[in-house]
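Colleague: Each chain, letter by letter, is given below.
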Amino acid sequence: MRRLPLLSTVVAALSGGLALYLLFFQIPGLAGLRSYLLQSAASLAALALIVGIIHLLTVHLDKLIAGEERAVYSGVLVFALLLTFLLAFAFGPNFSYSYGSDATDRIEPANWLFQYVQTPIEISLMALLSISLLYAAGRLLRRRVNTFSVVFLISVVIALLGSSLVATGGFAGLSDAVATVSQWVARVPAVAGARGIILGVALGTIATGLRIIMGSDRPYGG
Amino acid sequence: MAELQCPACGQLNPDHLETCQHCQADLSALVSGPGDMPDESPMGMEGDDLADWLLSMREEEPDDDAGDEPDYPDEGDPGSPSAPGPSPSSAGIPDWLAALSDEVPPAAPEQPADSPEDDLADPSPAEQPLAEDPPHETQAIPPVDSPEGPPGWLTDLAEGEDSVEISGSSMQVGDLPDWVEGLVSSAGQLKAPPPAAEPETESPQAGADWLADLRGDDEGADSPDSDQPGGEIPDWLEGMDAIHEEIESTSMPAGDPDEGDPTGFAAEDEALDPSVPQVPDWIAQLANQDPDPRESLETTDENGEEAPDWLEKLDSMAESPASEPEPDARAEETADPAGEGPTAPEPDGLAQPGFGEGIPDWLDELQSQTPPIFGEIQPGGDRPGEALPDWLQASSEEAELAGEELSFEEESAGPEPSEPAGAGEAQEDMPDWLSGMTLDAEAGEFEGESDEEEAIPDWLAGFEQPEVEEIAEEPDDEPLPDWLTTMVPAEDQPAGTAEQPPASMAEPGDFSPAAEAAGVPQVDEPGDAQEEADGIPDWLSNLQEQVPSLEQQEAGEVQDWDVDLPEGEQQAEVDDPEWLPAGEPDEKRDPLPAFSQGPDEIAPGDVPDWLEAMRPEDDAPAPVAPEVSDAPEQYGPLAGMRGLLSAEPGIGQAGKPEAYSVKLRISDAQQGSMEALRSMVEAETEPQPAGRKSLFSEQGILRWIIVTLLFLVVIFPFFLDLPISGLPPMARPMGNLGRLINDLPAGAPALVIVDFEPGMSGELNAAAGAVIDHLMLRETPLALVSSSPLGPALGERLVSRELAQHGYTYGQDYVNLGYIPGGATGLQNFANFPRASLPLGYDGLPFWGLLNIEAANPWNQAPLQNVGALSDFGLTLLVTDNPDTTRSWIEQVHPKLKPGTFVVIASAQAEPLILPYYNSGEGQVAVLVTGVAGGASYEAFLTREGPGRAYWDSLGLGALAAIVLLFGAGSFNLFLYYRQLESERKGRR
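In order, the protein sequence lines correspond to chains A and B. So for the first sequence, the numbering used here puts the first residue at 1; every next one is plus one. So for the second sequence, the numbering used here puts the first residue at 1; every next one is plus one.
Excised from the complex, chain A in its bound form (with noise of 0.2 Å):
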């Protein structure tokens, strides 16, 4: 067992480092080992999906059967996952059944479910997101008052006087220079940002991927 992050190390850097070599230097012979190592890869993913919705049914199965206190829930979701695994898988995404004679009279369970119960849901969440948002800046300036919080709360008003009727209600000049402003800001200092971030984002990639072919990082464990 001691020697198992060791083997999963090499195979780990092996992996990583052919497949980066490959990616620069075609190779006819190797190119179904290329291919080989990125299905392995998604497949592992998948498959690592699956294991985590497993994971997750059965920690509520342990809660519900444990009787916890809030296992009601648990109830709920290990219900609602079981169910939309059984719509979905067994008779399909697109299962329809029909309830009468006219066309429309006709009901997907698995669209059903995924249209009128997860998508508003989401929705909701981002509606109170949006709801939750407004009012911390709002109390922004009450809990702190400094440079990066009027700065901050600035910003979102640029943002949104951009999305909003000052810059498209034909106020004359108003709104040419709201949009001006809104623009601006979106497109320098906030592209700007972005491109640091991005480019920060590439560099770790590169560190990352270069520890794990070295070993030095194992995110695989061990």
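Some hints here could point you the wrong way.
To be verified - Covered stretches of chain A, as calculated for chain B (at least 3 residues, CB under 8 Å):
| hint | stretch |
| --- | --- |
| 1 | 85-95 |
| 2 | 131-139 |
| 3 | 195-208 |
Stated by the list, open to error - Which bits of chain B does chain A cover? Going by a derived footprint, with three or more residues having C-beta under 8 Å, they are:
| hint | stretch |
| --- | --- |
| 4 | 700-711 |
| 5 | 892-901 |
Stated by the list, open to error - The following label-pair restraints were derived from C-beta to C-beta distances:
| hint | chain 1 | residue 1 | chain 2 | residue 2 | range |
| --- | --- | --- | --- | --- | --- |
| 6 | A | VAL76 | B | PHE711 | 24 to 30 Å |
| 7 | B | GLN812 | A | PRO120 | 29 to 35 Å |
| 8 | A | PRO28 | B | GLU854 | 26 to 32 Å |
| 9 | A | ILE121 | B | GLY987 | 43 to 49 Å |
| 10 | A | GLY29 | B | ASN852 | 32 to 38 Å |
| 11 | A | THR147 | B | ALA746 | 56 to 62 Å |
| 12 | A | VAL188 | B | ALA836 | 39 to 45 Å |
| 13 | A | TYR36 | B | TRP848 | 25 to 31 Å |
| 14 | A | LEU210 | B | GLN688 | 28 to 34 Å |
| 15 | A | ASP105 | B | ALA836 | 39 to 45 Å |
| 16 | A | ALA207 | B | ALA836 | 26 to 32 Å |
| 17 | B | GLU854 | A | TYR36 | 22 to 28 Å |
| 18 | A | PRO28 | B | ALA746 | 31 to 37 Å |
Hints were generated in silico from the structure; no laboratory data involved. Predicted model, so just to flag it, every value in this text is computed and none were measured. Using N, Cα and C, we set each Cβ at its ideal position, and we do this for glycine too.
Please build the complex by placing chain B on the supplied structure of chain A, with the hints as guidance.
Modeller: What follows is chain B alone, placed relative to chain A:
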């Protein structure tokens, strides 16, 4: 009728007897004359049986007598073992030698068949090797004896040539020249046998100058013209030096002259030469340097007609360190391979015919005037009880060379003794004490009468019995010599002498066998103290008085010298001295020598007062149970016995061990602190129940106001159904996207990547709806794919629900490739191997539909039949709300796409992160459509009504309401902040 003297008991026996009538010792060796030798031993006198010294003598007189066999000096040489009998001619023989000849018993003449001439003249096979050796050829083969006349060298001696003067002068005590002293000094150096290859040159290896001169004068004995024996006086003296060596190695055979030491032959021969009978003072000096006193005795015996002076120097000899035995050197000498020969020159030489009877006066004086030394060696051969001087006993270490002794004994006692006949004759004439000295030569006879310890000399008995017993058997009334008495205080005397200190006094490493054989047991033997008291000298008595008895030692009376040593070391030395030979009985071991205990010294087991005062009270030793218990044993095989050793403490104890509490002793305060800490930790882990907050609290009211205001603002445009505002300004021209879609080849599929979450579906459906609607208007085949698990469902919903008016059918107008797992890796794999990475599509069929793989394979559907790679897609449309996902698609998939066909429809929140790729100038993102504004703009470009325009007014109003709320809430909160600060300032004041 001749008589033979028993070599064992010294009694005379008729010559026809083969065994001693007194001691049953084997007299065959004595009876058989030298003439018998060839018959019984083909070696005869020529080869192996010839003593080395005899061969060496031949070497030294090589050629002048080469053709004159009767002139060979061995004929009348008493020291020669091959001498058959008395010399028939005594014309040139000195008086003493003539006397010896007269007294020779007629044993040899009575055996004419034993004529050595006949025997020796007959070349035996053993002679051939000798004959092959040129240096020895003329010396080994010539007849030894010639009854017709005396040998030439004797004649020379009689005529006074060469050595006659020396001989004559040497007869007189004290007339020795100075070179004799040099001889004495070099005697010890001559012990090392020279190599046989260079006998003549190696013999004087002792380094004496005069020997070197001899070599230079004589050119060795090899010279045929050299007049060796008589002409060169130092030769025999050289032999006198070498005699020590030869006598020590008495077992050195003469049968193998090649292996023997030729020089030794000559030395011994000359040493035994009757021409050198007188032992002057140098003998005494020789004895001083001779580690083996027995050798000195023998030497003096051979020459000792006039050698009383050296006896006078025996005291100094014994005290001289030069007399210290060198057992190692002796061992080396005796280990000489030549010593494995069948004959022993020493007894032969000592037992020359007529030699014994011709005891000179000095020998008588030896017996009478030198009681300290030779009084112990009684002429009558009463060896039991004789007390040899310690230095002589030390010399007996030579007898430790058991192999040598045994070999000799076996050969002597054999049915075919190789011993020359002269030995028996010499034995008769040999004085008893000399017989005792030559006991090793007659060991065969002694073995036959081993029960008679009388015949065994003391020094030999010392090897068979413990030394203590020897001492115990010493005559009590026999006084110790003065010199021995004087040696007692000299504790620094070297080992091996009589004054050898007790072995226990010496370091173990300093122990020597001589010391063991000398006085150690005598001193330490506690038993028979009374018996020893009479015969023990004063110094020994003093020692005994100083040495505590064994009982005293057991009583724990540690002596002063013992205190200096750790207890363990003492015990180790006392109990098991390393120098003590293994296997020796305990009673033979030396008890510890005891020394007087000074009054100021620490008594054993007693702690001084000053040390006792320093002992802590707590460290007082607990009373120790006696080791020996008087109570009878209760258990085990020894049950009922008393006086047994008790078991170790703890071992014999039975029962449960004492239990020790591990409970901590804590005070009440510590206990309280511990409880407080415990309660705090437990409180942290317990979930705190959410407090009920009032719906009309300050925060609650504000939240409700925000929600209400936003909700009203957002839904207001839907109810108004009028455009409140105009179209948003076009950040980027939509014409490029329109042209791109319009330029798509007919039937060229478009890849639509649905990579967003359902929560962002309102924004992205409005943004992407117009573009996808444009594609459907163009009847572009669509292939949906997603890197998000919910993406395929969203794409399916977008195509079949939102844009259901176009009537796209799965498998004919569009296919859903499904979900691409693996993140960036999966995207890379999909970019390189699209068909292999997604073999199954999201067709909406149940799982059993997957059994038909060919039907389930989306790549076999109509929209993708002509697609083998991503570059075959006419347009790639990415709908995403995640900038990271956008980056992955751009980085992993974009290189595989057809250039300028990658369009990104992103959420407004992801625009800043995607905009760099759009502005890069390399066309990574050909067209970027962001948010509701982008969708509304494209709808405007298409002049179509869509959700974009509908959402835009609500978005605009909602954003305006948010700005108002931000200002209102910010201003109010800022007011509260300053009021709070003011109150705090007032509070401080």
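Colleague: A separate judgement is required for each hint: does it hold in the structure or not?
Modeller: Here's how the hints hold up against the structure:
With a cut-off of 8 Å between beta carbons, the stretch 85-95 of chain A has 7 residues touching chain B; three or more are needed, and the interface restraint holds. With 6 residues bearing a CB less than 8 Å from a CB of chain B, the stretch 131-139 of chain A meets the requirement of three and the coverage assertion stands. Note: the stretch 195-208 of chain A has 4 residues with beta-carbon separation from chain B under 8 Å; the three-residue rule is met and the coverage holds. Counting residues of the stretch 700-711 of chain B whose CB lies closer than 8 Å to any CB of chain A gives 5, so the stated coverage by that chain holds, three being the minimum.
Only when three residues or more bring their CB closer than 8 Å to a CB of chain A does the claim for the stretch 892-901 of chain B stand; here the count is 0, and the claim is violated. Restraint check, VAL76 of chain A to PHE711 of chain B: a C-beta distance of roughly 27 Å satisfies the suggested window 24 to 30 Å. Range check, GLN812 of chain B to PRO120 of chain A: Cβ separation about 31 Å, and the 29 to 35 Å hint holds. PRO28 of chain A and GLU854 of chain B have their C-beta atoms about 29 Å apart, which keeps the hinted 26 to 32 Å range intact.
ILE121 of chain A and GLY987 of chain B have their C-beta atoms about 48 Å apart, which keeps the hinted 43 to 49 Å range intact. The beta-carbon spacing between GLY29 of chain A and ASN852 of chain B, approximately 35 Å, falls within the hinted interval of 32 to 38 Å. Range check, THR147 of chain A to ALA746 of chain B: Cβ separation about 59 Å, and the 56 to 62 Å hint holds. One distance hint, 39 to 45 Å for the beta-carbon pair VAL188 of chain A and ALA836 of chain B, holds here, with the actual separation near 44 Å.
A hinted range of 25 to 31 Å holds for the C-beta pair TYR36 of chain A and TRP848 of chain B, which are about 29 Å apart. In this structure, LEU210 of chain A and GLN688 of chain B break the distance hint of 28 to 34 Å, their C-beta atoms being roughly 46 Å apart. In this structure the hint that ASP105 of chain A and ALA836 of chain B lie 39 to 45 Å apart at CB holds, the actual value being about 42 Å. Distance hint for ALA207 of chain A and ALA836 of chain B: a CB-CB separation of about 31 Å, consistent with the stated range 26 to 32 Å.
Distance hint check for GLU854 of chain B and TYR36 of chain A: the Cβ-Cβ separation is about 23 Å, which falls inside the suggested range of 22 to 28 Å. Checked against the hint of 31 to 37 Å, the C-beta distance between PRO28 of chain A and ALA746 of chain B comes to roughly 35 Å, which is consistent with it.
Hints 5, 14, counting from the list given before, are not met by this structure.
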